[in-house]
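Chemist: Chain residues, written in single-letter form:
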Amino acid sequence: MSLDAKIPEGPLAQKWSKHKFDLKLVNPANKRKYDIIVVGTGLAGASAAASLAELGYNVKAFCFQDSPRRAHSIAAQGGINAAKNYQNDGDSVFRLFYDTIKGGDYRAREGNVYRLAEVSVNIIDQCVAQGVPFAREYGGLLDNRSFGGSQVSRTFYARGQTGQQLLLGAYSALNRQIHAGKVKMYTRTEMLDVVTIDGHAKGIVTRNMITGSIDTHAGHAVLLCTGGYSNVFYLSTNAIGSNVTAAWRAHKRGAFFGNPCYTQIHPTCIPVTGDHQSKLTLMSESLRNDGRVWAPKTVEIAEQLRKGTIKADQVKEDDRDYFLERKYPAFGNLVPRDVASRNAKEMVAEGKGVGGSGFAVFLDFADAIKRLGEDTVRAKYGNLFDMYIQITDENPYKQPMRIYPAVHYTMGGLWVDYNLSTTVPGLYALGECNFSDHGANRLGASALMQGLSDGYFVIPYTLGDYLAKIGPKKVDTSHPAFEATKKDVVTYINKLLALKGNKTVNEYHRELGHIMWEYCGMARTAEGLTKAKGLIQALKADFWKNAIVTGENEEVNASLERAGRIADFIELGELMVDDALMRNESCGGHFRVESQTADGEALRDDENFAFVAAWEFKGENQPEELHKEQLVFEAVHLSQRNYA
Amino acid sequence: MSNGNMNLTLKVWRQKNAQTSGKFVTYKAENISPDMSFLEMLDVVNESLTHKGDEPINFDHDCREGICGMCSLYINGHPHGPKRGVTTCQLHMRTFHDGETITIEPWRASAFPVVKDLAVDRSAFDRIQQAGGYVSVNTGVTTDGNAILIPKVIADEAFNSATCIGCGACVAACKNASAMLFVSAKVTQLGLLPQGQPERYSRVQSMVAQMDEEGFGSCTNTGACEAECPKEIKLTNIARMNNDFFSAKLFREEEIHEVKH
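Residue numbers (my numbering), protein chains in the order written: chain G, 1 to 644; chain X, 1001 to 1261.
Misleading hints may appear alongside valid ones.
[As the list claims (entries may be wrong)] Some chain X residues flagged as far from chain G (calculated, every beta-carbon gap over 12 Å):
{"no.": "1", "residue": "1024"}
{"no.": "2", "residue": "1027"}
{"no.": "3", "residue": "1048"}
{"no.": "4", "residue": "1058"}
{"no.": "5", "residue": "1068"}
{"no.": "6", "residue": "1090"}
{"no.": "7", "residue": "1098"}
{"no.": "8", "residue": "1101"}
{"no.": "9", "residue": "1138"}
{"no.": "10", "residue": "1175"}
{"no.": "11", "residue": "1240"}
{"no.": "12", "residue": "1250"}
[Said to hold, decoys possible] Chain X regions said to be covered by chain G (calculated; three or more residues, Cβ under 8 Å):
{"no.": "13", "segment": "1124 to 1133"}
{"no.": "14", "segment": "1190 to 1203"}
Rather than coming from a laboratory, the hints here were simulated on the basis of the structure. For every residue, glycine included, the Cβ atom is placed at its ideal position computed from N, Cα and C.
So here's chain X without its partners, still in its complex pose (with noise of 0.2 Å):
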């Protein structure tokens, strides 16, 4: 059913589940056509050793068109693979060459268990944008969107953050596991533009005390999670965000538990 002329070996992550210890297995990709994306590739190893009745490889996927965020994958030590700024399904295969070993690991943090073999559970995330992630509006209660005026400059930066697929490569990329790059994305969309005023200095020590308790580890000022981004968020943003943590911390905390009582 393929119908290429690329021969591979792949070094694949196996993990029946979190609680068991995993292994790498080889496997030959065979007949790949380097038109396929990485995952199509997967699918067609999968397909065989189904036709074997082994269990294919479990890997998380969906849009495959680079932005759900839900794909992962470690690829020769890469997040996402070698090319910059690509998910891992927008990745292809003529990226490799035909007789080269190729590396799958999942993403590796202690805030990211195994699910099974390469999917890992980024749930962790989803409690940090749960913290405060958000402007506390309910719905039917807003005025005209042009009532509020934006700066060009400002929605587009604020645009820039908001692109964020929240895919965890930041956080593989880092040497800390630190989730800093995807938490000051959003704490920066939301604090840039004016709607997000109002909760700025509480939403960004929510967040980043869900962070912590998440178990992410800190910055380092390495940029291994800006170089990896496959959507290329800046580490700007952790500049902004640490700003305004510090701000909230030394002059607004009192103020802040306040308005939170």
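Bound conformation, chain G alone (with noise of 0.2 Å):
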């Protein structure tokens, strides 16, 4: 099968215009004959239900939380970039593009970035309509600041608080569909499969998670919003629900999966104390403006400071390494999230790690202390401060701060077309759940900008298209393909639940997010790929043999529902391995040690490598097809990224 993007002919401004006139439209009497199924509820799902409901579709909305207000889009605190050009300072819609492209070192399709940026002004309308309480200026004007990767002050915000907002802003809406009986809403209930009829989707297999009753719902098209994957690492800043099943369960129906390997790595987190540790909080990355990162100079002192015998403030000017200043002494300690990420690993791998678990290097603000004073580093980053004492109990006005890299966020993620439309017609993939739009790394406060694009903007004028051309007949759950389906979903709860071993399938995912941590995170090479291949194979063997899974299907099982997401994490990784092991060259987050400058800096090889990789499932346990969308630049020039 070849893969066609169907990016529109034409100049780049005009592409989206020009493809909106194209698409088929459904005559608004047609619309109430449609029914749509949207999974997940989050920043995507819920602006899609609710805009779709509001055109006259029927739609069916599903969520595995009590409330779709619980999605973890909420958790999102920076801000949304939208290129309005308020500030007067030279924003356009082509320079949010050019940002983005470049941010995403130039592994992103040029068609699907420029449409982000132009209806990014939408957007942030849309959101003040619904009752959004954005920050304003004195004068009652909406106020922006700035984020990493751009020159201008295109972002805004709503304090530490936009994805909440924004979140609760798409909910209203859907909530307002849902009580004009538009949308229906399944809360608690889990997707565990698509149903496809003649190739494409008809319907999905859900699991109610409060009775257990496994049921089929049919629809004309499947919207999948279910976020990320950044939990196949065990720790990582995502919600503990956020899981690939949909997905993945999408993708061996035959959907491909794009760039599975391009995950982002915040270089700010709060570091990890003891296996105990369920999930790990993100500081905000404005700290290191003022924060001065360092590690001790030598293994003896960290061994010391480890142990707790010497306190960081006893360590002497010549005994600390201020290593980005040192290695990187134009941008210092602002380097971007994936430089600052790979130097602490680095340093933490010579021995040099401080803290309990020796996993941490520190950021400090005694020089930031001294030049300004406590208390103008107070006004500016107290919040952050008081988080940070909350969760470590130590206070980082005295002791400076430990900070690790954590997993934050997956690039990668079904592959779409420029209509969203998956390999799978029918099947439709939005927001984080996609691959499309960030390339190899995604810039601050343009993951919000994307839910809300794909689900208000994008996808209530490509469904129609689709919707048009198949006609409204209607689909219902007699065909013998939801029956068929159902069972693959009963009989696999059922080997899941005959799992009586000796292992949790929470140690299982620990080990899970060890191997992939070690071998497919920050800096990766051919050696350690090919090892972990091994390692997940006989893990997931083991798993099938050794694991446990407590109760029955007929009841809230927390147990069973963790055993299949991680039973689907661990397919998932093997993926991702391969993925990076085909993948030799750096990019993003994402550094091979076998492809770098003479300085060790990332080294793109767009000889070879300019392309999307989109994944075939080809059958259990068998190796997946590789398919190339080769990426066209047109607009910009490729070049290569230097900090030193």
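If you follow the hints, you should be able to join the two separate chains into one complex; please do so.
Modeler: Rendered as structure tokens:
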């Protein structure tokens, strides 16, 4: 099968307008004859479900949480980008497009990214109209701030809770349609499979997480809006429930998986304290404006710090290695996320890590406090310092913070064309769940933008084209494909419930996380990846022999829920390793040790790797087949990143 | 696997589902690190229960960074535990001391039926929101965001109310299981902003009517909701809601009914 990205012809700036005109429309009177399934109700899902219902389609929406308001989009802090140029500082749609392409290290599709920048301005207006309380200036106008990867102020925000406020806006639009009877909402319901008929997606199989009931739902199209898969690493900044199951099961039914190895690592997280830890918490990147990153110069001093026989402020200036300032004098502590992360990992690998576990470096504010005074530092970063104290019980005004990189976002996901359609007609993927728009690295404040762009402003147009072409002929669950897929799901669940071994599914998850972080994390080698593949295959075999799954299906059963998700993570982990091994170049946050410049910087290989890797599932325990979507750059000139 | 030095006794409410009655069961939580969050401590207990082939304790949780509102737990008589202004997922074990006995219960309110063990069904909150907690605007028909001027103080005040995470601690803290702090937070946010004005009075009536229908009690002005709210939502919201509600009832009811027709 060949990949057709369906990028419209013509100049970049007119692609989307022209495409919107060329797309077929569904007559308003016919829209009520179509049933649409939306899985996941975060920013992408809630905005899509509400917008489609407003147009007149019948929508069934599903989420595994107890309410759509809990979706993990709620946890995003910083802000949302839009090329409004309210600050009169030279911003434009083209500049946002350009920054995003460059930030993604030239591994994103030009057409998609330009459209994202183009509709970004409408997103802000939409959210304001819904009553999202964005920060305002004293004159009553919207306030902006700047974020990494750009030189203009285009980030709109609502204190440190932008994700929450945007999600509550989309949730309220969704609620209005639930009240109007145009959306039927299914909460605490998990999607476990896609039903296809003649190669088209026609429905899903779900499990009611209260009663265990396995149900089928039919529709003319299925939209997956199920977020990212960072939890494959066990520890990440994602919510505990974030998982890949819906996307992975869709992959096994024919949807190609794009760039699975593209993971964003964030450098400033509160480090792990022990094996009990369930997740990681991000500290804003803005701290590196005033904090200085260092590790002890010698392993001996590091050891004393780890044992607690000396404290950080007792380490003499000469015994400290401000490694970012030393290696990158021009950018210093403000090097991009991937560079800062990789260097911290190297310090730890050399035995110079600090903190109880040894997996941390210092972020020191002593100089800033000396220079600016404690009050000024408190005014700038007080809430972040409080959060740090809450979690670690340490006072960063007296001792430096301990930080370490953590997995934060996945740029990979289901492969989609310009219409957000996967390789299975009728099956769409929106938001973090798809691979598009961010390339090999996501800029700050652009995740929220993509989720809402896809849900509010792309899918309402592109879905109509598909629906008009297939016609409103009713699909219902009496078709034998529904019963057959349901049977597969029941068989799978029974197989999980029969596992009465001696290791909990969490223990498998933790082991998988260690393998992924060690060999498929910030720096990767062919040797390490090959080893990881063997380890994952062994882990998978062991899981299906020795895992414990307690309870039964017909009840609330967290053990069963987690078992299914972790089994899927193990399979995805293997594909991520294959993808990372194949991509013998460094790009974005993905550093292949074999591909670096003489100075040790990431070296891209545009000659051989300027493509999207789209993987096709070929059967259980079979190697997946690689398809390549060549990336064509017409509007931007490819260049090497350099921060020294 | 756990690596701490605290040993605790837990008295945990176990209840198979909404149809069966529940009881307290005592468990030991051993080798707990003071750095663990309360939920991580429960994870450790659950791992050991699972190893023994027993059913783990069921509780609601997701983001574990204090924002999704999913975690609950009534700990030693306080929603989200003894510390002010934090959710259960941000409560750390150093708040407790070695050898302590901790009592853990689900939210208690008839409008929040128990799902299993410590998890309750808070969908009543969603139905209240669905009754009118929104601005009626379709996608794509909006004016420029700066065409609506909003003074900073108003935007900030609306934001203070908008920070509600819908966890239900206010209901759990109230002797009447009243949902007024929750409802008033949304009413206040939208009632303060220009975008919320057209539906301001119909909204408050619809949401209050739904709140009553769900079986939440009335406000007693005790203030426990405010004291226990992890996001420190203010009691003054309830005053604002009452004000709008009475205005609607006294002066605008007829007009609103016409509009709704």
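Chemist: All hints, please: hold or fail.
Modeler: Do the hints match the structure? See the list:
1. Residue placement check: residue 1024 of chain X keeps its beta carbon more than 12 Å from all beta carbons of chain G (closest about 19 Å).
2. Look at residue 1027 of chain X: its CB is around 16 Å from the nearest CB on chain G, clear of 12 Å, so calling it non-interface holds up.
3. Not every C-beta of chain G lies more than 12 Å from that of residue 1048 of chain X, the closest at about 9 Å, which undercuts listing it as non-interface.
4. Non-interface call for residue 1058 of chain X relative to chain G: violated, since the shortest CB-CB distance, roughly 6 Å, does not exceed 12 Å.
5. The Cβ of residue 1068 of chain X sits about 5 Å from the closest Cβ of chain G, inside the 12 Å cut-off, so the non-interface label is violated.
6. With a least beta-carbon separation of about 6 Å from chain G, residue 1090 of chain X fails to lie farther than 12 Å from that chain, contradicting its non-interface assignment.
7. No beta-carbon of chain G comes within 12 Å of the beta-carbon of residue 1098 of chain X; the shortest separation is about 16 Å.
8. No beta-carbon of chain G is positioned within 12 Å of the beta-carbon of residue 1101 of chain X; the least distance is around 21 Å.
9. Chain G draws residue 1138 of chain X into its interface by the beta-carbon criterion, the shortest separation being 5 Å against a cut-off of 12 Å.
10. The claim that residue 1175 of chain X is not at the interface with chain G holds, since no C-beta of that chain comes within 12 Å of its own (minimum 25 Å).
11. Against chain G, the non-interface label of residue 1240 of chain X holds: every CB pair exceeds 12 Å, the least being about 15 Å.
12. Chain G leaves residue 1250 of chain X outside its interface by the beta-carbon criterion, the shortest separation being 25 Å against a cut-off of 12 Å.
13. Coverage of the segment 1124 to 1133 of chain X by chain G holds. Counting CB-CB distances below 8 Å, 7 residues qualify, and the rule asks for three or more.
14. Counting residues of the segment 1190 to 1203 of chain X whose C-beta sits closer than 8 Å to any C-beta of chain G gives 4, which meets the bar of three, so the coverage hint holds.
The structure is inconsistent with the numbered hints 3, 4, 5, 6 and 9, although it conforms to all the rest.
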